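Under the numbering used here, the letters of the first sequence match residues 45 to 687, in that order.
Pair by pair, the computed Cβ-Cβ distance ranges are: (1) Met332 <-> Met362: 28 to 38 Å; (2) Val505 <-> Gly624: 50 to 60 Å; (3) Ser53 <-> Val505: 49 to 59 Å; (4) His69 <-> Leu183: 35 to 45 Å; (5) Val505 <-> Ile363: 28 to 38 Å; (6) Ala159 <-> Asp50: 42 to 52 Å; (7) Gln298 <-> Lys233: 43 to 53 Å; (8) Glu276 <-> Pro469: 45 to 55 Å; (9) Pro469 <-> Gly544: 22 to 32 Å; (10) Gly502 <-> Ala202: 24 to 34 Å.
Simulated from the structure, these hints should not be mistaken for laboratory data.
As the structure is a computational prediction, the values presented were derived from the model and not from experiment.
All residues carry an ideal CB built from backbone N, CA and C; glycine is no exception.
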Amino acid sequence: MGKILDISSEDRSADSILAWLRARHPELAEEAVAARAGDRILDLTAPLPETDKLEVLTFEDEAGREVYRHTASHIMADAVQSLFPEAKVAIGPAIQEGFYYDFDVPEPFTEDDLAKIEAKMREIIAADLPLVRKEMPRLEAINLFREKGEKYKAELLAAMPDEVVSTYSQGDFVDLCRGPHLPSTGRVKAFKLLSVAGAYWRGDERNPMLQRIYGTAFPTQEQLDEFLRRREEAARRDHRRLGRELDLFSIPEQLGGGLVLWHPKGGMLRYLIEEFCRREHLKRGYQMVFSPHIARAHLWETSGHLSFYRDGMYGPMMIDDEEYRIKPMNCPFHVLIYKSQVRSYRDLPLRLFELGTVYRYERSGVLHGLLRVRGFTQDDAHIICTPDQIGEEVKGVLDFALFLMRAFGYQDFQVDLSVRGDSDPDKYMGSDEEWEIAERSLVEAIESRGLSYHRAPGEAVFYGPKIDIKLEDSMGRLWQGPTIQFDFNLTSRFDMEYVGADGARHTPLMIHRALFGSLERFIGGYIEHTGGAFPVWLAPVQAKIIPIADRHHDYAQQVGRKLRESGVRVEVDDRRATTGAKIRDGEMQKIPYLLIVGDREQEADTVSVRKHGEGNLGAQGVDDFLSALAAELEPPGGLDAPV
RNA sequence: GCCGGCGUAGCUCAGUUGGAAGAGCAGCUGAUUUGUAAUCAGCGGGUCGCGGGUUCGAAUCCUGCCGCCGGCUCCA
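Could you build all of it, start to finish, from the sequences and the hints given here?
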């Protein structure tokens, strides 16, 4: 929130908000970027509005940041057009961490061009040109931009409903823009152009490819430097880099894009996560099932995947003249398990859980480390229940999802509820009654847990409403987390039934849910969240024993054996290297505990403990160390129910 | 898939106007027996992504493929 000023008793004689601010709040006038009156955001050059309250926006406000960076994008477009007069401008919004602008140019920009554009931008900023807003009828604007040859702007205008539109100009540069903007170009203090990339006009690959320049801007050089430093930090934590440095996984060219090899250390990490996951599912009444990787094409016809998910599926393979397909989802298998016998309401709820590996076609350009792959394992479960059980089931899943995410150190969530839109009711499967029951159970679950959420009408997939939970990581980035979806499609396509207390046959409700989503993507995100410094319970190697000289090797092995017997994953570094080198190595591998043993420790039956991120903790008895470690070895606690 | 960039030792990267393929780290061998983030020396290691072309001569220039990286609506 910006600073809110009471202006009810002010006279409106000042030329502009800015002039008024300068007279009454000089320090705020320098910081201000725009002002909000009611739900309208105004230029500082606008007259003082006839409202009681005026909210002064600075860069600290999200809306203010957008204005600031939007002006920076105009300055960039101005610079580009003065250096490349043939460049046509498309769109240039502010985005979360900066801004971009798309240009139609005969030749793509080079890195050298970026430097030239930056230099030109500095000139425009130094000139401190005022940004002038002008309103005009839409048709006049179309003509104006047509004359200038700005066909993209003209196209945008043609599609707009408004009768009157606005332009902003600075010097000779005029741009179609809703605004608002900074009062003058000199208000942009620190900026940097970051990258250039191709982007389709309106994001549609049938349209011409434009050149997009990304940049960012801040009020001070310090803030810009801090932003650039954070980007470097993010690059250091890139899971692909850590995957190699910590020897967790690889995606070798010879294997094929989007296909992952888990090395022993990454394999241990994944094994531990899977074990934890299985155990927690069993505690909550899920039953484990397994299914094969391929199935008859006929099954995928019944499930509908061959019609609505065909593009994501790999081609057929023939077995005994019968067509088979590799599975893109686990659902039909779980449905067949359900249908293997007549189900009574007494059998429900049935919770079938599988770590199911699926294969989906992804276009080569979108593959990305562990985050976007072609073969991955879901922690997939289907809950099949009666309508009067659904409320409790949804709450159970939501609690489970939050527990699991908190166990991995995610504390901040964003909950999205996707429901039907009004526009095209025919595209949705299931009855109105089913949709109502489903939506009500989702809303009740979210609200009963005191979570705030965002309701998105029209965002639901055709087969049912859903909850998506997004996680915020240690660097403030959002990741797709657990998802809870109703599926009215499969219950109907497979004629799923149960016999009710009344002896009649009923259609059950089915929830499809994945909490990690895919193990690959979750672990990829988790590697970046932790920077590769995993908590003790997940560290592939929890402790490394570093003997100082050869004569300490026996003692080191002895300590190693003792720890191993207590369930600690431990290695002994008996290489002929200096202690300093072994310690450096252990630190770079981010091993939680390094245990240095020399004459003193051997004498006293102790280890000298060095903890990752904290340094030397001094000597401790081996048993003392073990009992202190015991709590850290265990996964975070869940329900107390027996396995 | 499309636009751009990149592809040289296991990794990170040099390689000038076309003129004998390099460094650091890692690895191996040896010496050193080490006290909290790199001991020293020596050695091995390459189809310069793959194919075609230009040239007396190509890592370098041209061309076709392959792969990787960034991006491909956060809507004036």
